[in-house]
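2 protein chains.
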Amino acid sequence: MITPLATWIDGQPASMLSAHDRGLQYGDGVFETIACRAGRMRFLALHLERLQRGLRQLQIRFGALEDLRAELERAAAQAPSCALVKVIVTRGDAAARGYAPAGTERARRVVTLWADSAPEPAVRERGVAVRYATLRLGRNPALAGIKHLNRLEVVLARAEWTDPAIFEALLTDSAGHIVSGTMSNVFIVREQTLLTPPVDQCGVAGVIRSVVLREAAASGLRPQVTALAPRDLQTAEEAFLTNSRIGLLPISQLGARALPVGHQTLALAARVEQLDA
Amino acid sequence: MITPLATWIDGQPASMLSAHDRGLQYGDGVFETIACRAGRMRFLALHLERLQRGLRQLQIRFGALEDLRAELERAAAQAPSCALVKVIVTRGDAAARGYAPAGTERARRVVTLWADSAPEPAVRERGVAVRYATLRLGRNPALAGIKHLNRLEVVLARAEWTDPAIFEALLTDSAGHIVSGTMSNVFIVREQTLLTPPVDQCGVAGVIRSVVLREAAASGLRPQVTALAPRDLQTAEEAFLTNSRIGLLPISQLGARALPVGHQTLALAARVEQLDA
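Chains H and V, in that order, give the protein sequences. Counted the way this note's numbering counts, the first sequence spans residues 1 to 277. Counted the way this note's numbering counts, the second sequence spans residues 1 to 277.
One should not assume that every hint holds.
A pair counts as met if it fits within one copy or between any two copies, since identical chains are not told apart.
To be verified - No more than 20 Å apart at the CA atoms, straight line, and that leaves these computed lysine to any residue pairs for SDA-like:
# : residue 1 : residue 2
1 : 86        : 5
2 : 86        : 18
3 : 86        : 97
4 : 86        : 226
5 : 86        : 53
6 : 86        : 98
7 : 86        : 60
8 : 86        : 4
9 : 147       : 235
Calculated from the structure, these hints are not laboratory results.
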C-alpha cells in the first residue's frame, strides 16, 4: 500500500480504527479531499460547509467541527508545498446491530495528509483526454450532491480503463443525462454561457464547481445549471473538468472528438487559481 | 457500542483495521450475514456463493475462500445455540490514491460473531407490521443483487421510523416498483402463485429468497419473479418477508391494511426451517 505522510483519528496520530465503525459496515459517512498549497488549505470554508451539509443529510451529529478545523490548519502548517488532505467523518462505531442508527453513536473523524504534485502547466495548456464510462449512475435524490462514502459506482467506472493517456471518464445517469466525471465535475462553454449538469439526482456538488459557477459572471460568462446530453458535449465550444486537486483542466479530447483548449477555460482556470491561494 | 462475542481479521482475533482500507474509503467490498443455529451455519454454501458472485462483480480477487469456510465452521462450533456471523470482505488497503483499483490490493476479511435471539414462535404466528419507506432506491444494474458495502440508502430508509411496533419498511425504486425491505426480501401469494420482485436493478438477492423460490413448487406454489407495484401488495392473499436471521415472517399489517397470516406462508416457513438445520 502507499503511505500517507500522516494520519490522525479523532485528533490523535493513529492509523487503525474499529472494524465496527459504520463507515466500514455501511459506508455511513462523508468525506472531503482538500488541496493544500504552500501551507494553506484551499477553500477550507467551502469544504467544511459541504461536509456539514452531508452530515445533516445523513443525520450524523458531529460536534467536533472546530476541533477538525484547527486540526486541518495544523496539518497544513506541516505539509509540503503541494499536498492533499482527506477528511472522513463516519457515524462512528455501531451502537446496535443492523442498519438503524441508534442515535447514540459518536461520530469519528479520520484525517490523512498526502504529498501531492500539481498538474504540470503543460497539461493545463494542452488539456486532457476523456472517455465515456459504460456504467450509468443510479438516481437517488436522498444521496445526490453530498460526498458520501458509498463510492462503488465510481470505483467500477474508474476500473473500466487503465490507459494512462485517458485522464477521466464522463458518466451518464440511468436517464441518459451527463452527470460528472468519476472524480470531477464537468462544464461546457457555448455562446458565452457556462453550462454544468445539476447534481440533484446523482453526482457530487464539487467545491470547485461551486467556485466556478460563482466566478463565471466576472469572466463574462452566464452560468447555467442544466441537463446536458452527450450531444451537448459534441457541440461544445470548450469543455473542462474541475476538482479540488486539479482546479480546472481543459478537455482536449472527448471520445473521438478533439476540442480546442479555449481562452474562456484558461481565463477561468487562472482566475480560480488566484483565489484563496 | 455493542460488543460482539468475537471478531477476527484475516483469521486472527483482532478488532481494528487500517483506516486506508478501501472498504472504509469507498465501501469497496461485500458482506454476508449468516444465521448460526445449534453450532451449524445455515445455508453456508449459498452464502459463500453469493459472496463470490459479489467479489467477481466488483473484480476483487479473494484467494482465501477455503480459509474463510474453515474459520466460519470453527466460529460456529464455539457459538451459542442462536448466533449470527457477519463476514465482510473488502478489496483491502488502498495501493494507490484515488478510486482506481491498482490490481495489487490484498483482500481483507472481517468475521464477527454475535449472540442472537430467534424470532419468538408467537411473532411467526401472528406476523409483523410493515410500512412503506419514503426513500426510493436508485437503479443500477452494475450493483444490483450483490450484498455490497454501499448501504446508505437502506440506512436512511431504516432511519425513517423508530416505532418498535413496525418491523420493516418496503422500498420502491425510482420507477415505482416494489424492490424489497430494508433488510429483507418480500414475497406475495396470489392464486397459488408465489411472487417476488426481480433484483436486477437494485436490491439484494437474498439467500433465503433463493431457497424460497427453490422450495415453492414442493409446497404447491408456482414461483414467479416479476415486477410488483404497491397495488399488488394491496390485493395479495398472503405476504411475507425473508432474510437469513428471521427465515420467513408473515406480514400481518401493511400500511393501513391488515392481512391474514396464511397457511401457505406458514407451510413454507416450516419447510425452510427444516432445511440444512
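Status of each hint after checking the structure:
Taking the shortest alpha-carbon separations for residue 86 and residue 5, only the intra-copy value of 12 Å comes in at or below 20 Å, while the best inter-copy value is 33 Å. Proximity of residue 86 and residue 18 under a CA criterion of 20 Å is satisfied in both settings, with 19 Å inside one chain copy and 15 Å between copies. Taking the closest pair of Cα atoms, residue 86 and residue 97 come within 20 Å of each other only across two copies (10 Å); inside a single copy the shortest separation is 28 Å, beyond that limit. In this assembly of identical chains, the alpha carbons of residue 86 and residue 226 never lie at most 20 Å apart, being 30 Å within a copy and 44 Å across copies at closest.
In this assembly of identical chains, the alpha carbons of residue 86 and residue 53 lie at most 20 Å apart only when taken from the same copy (17 Å versus 31 Å across copies). Proximity of residue 86 and residue 98 under a CA criterion of 20 Å is satisfied inter-copy only: 11 Å between copies versus 28 Å inside one chain copy. Within a single copy, residue 86 and residue 60 get their C-alpha atoms as close as 19 Å, which meets the 20 Å cut-off; across copies the closest is 24 Å, which misses it. Proximity of residue 86 and residue 4 under a CA criterion of 20 Å is satisfied intra-copy only: 10 Å inside one chain copy versus 30 Å between copies.
With identical chains, the CA atoms of residue 147 and residue 235 are never at most 20 Å apart, being 30 Å at best within one copy and 41 Å at best between copies.
The structure is inconsistent with the numbered hints 4, 9, although it conforms to all the rest.
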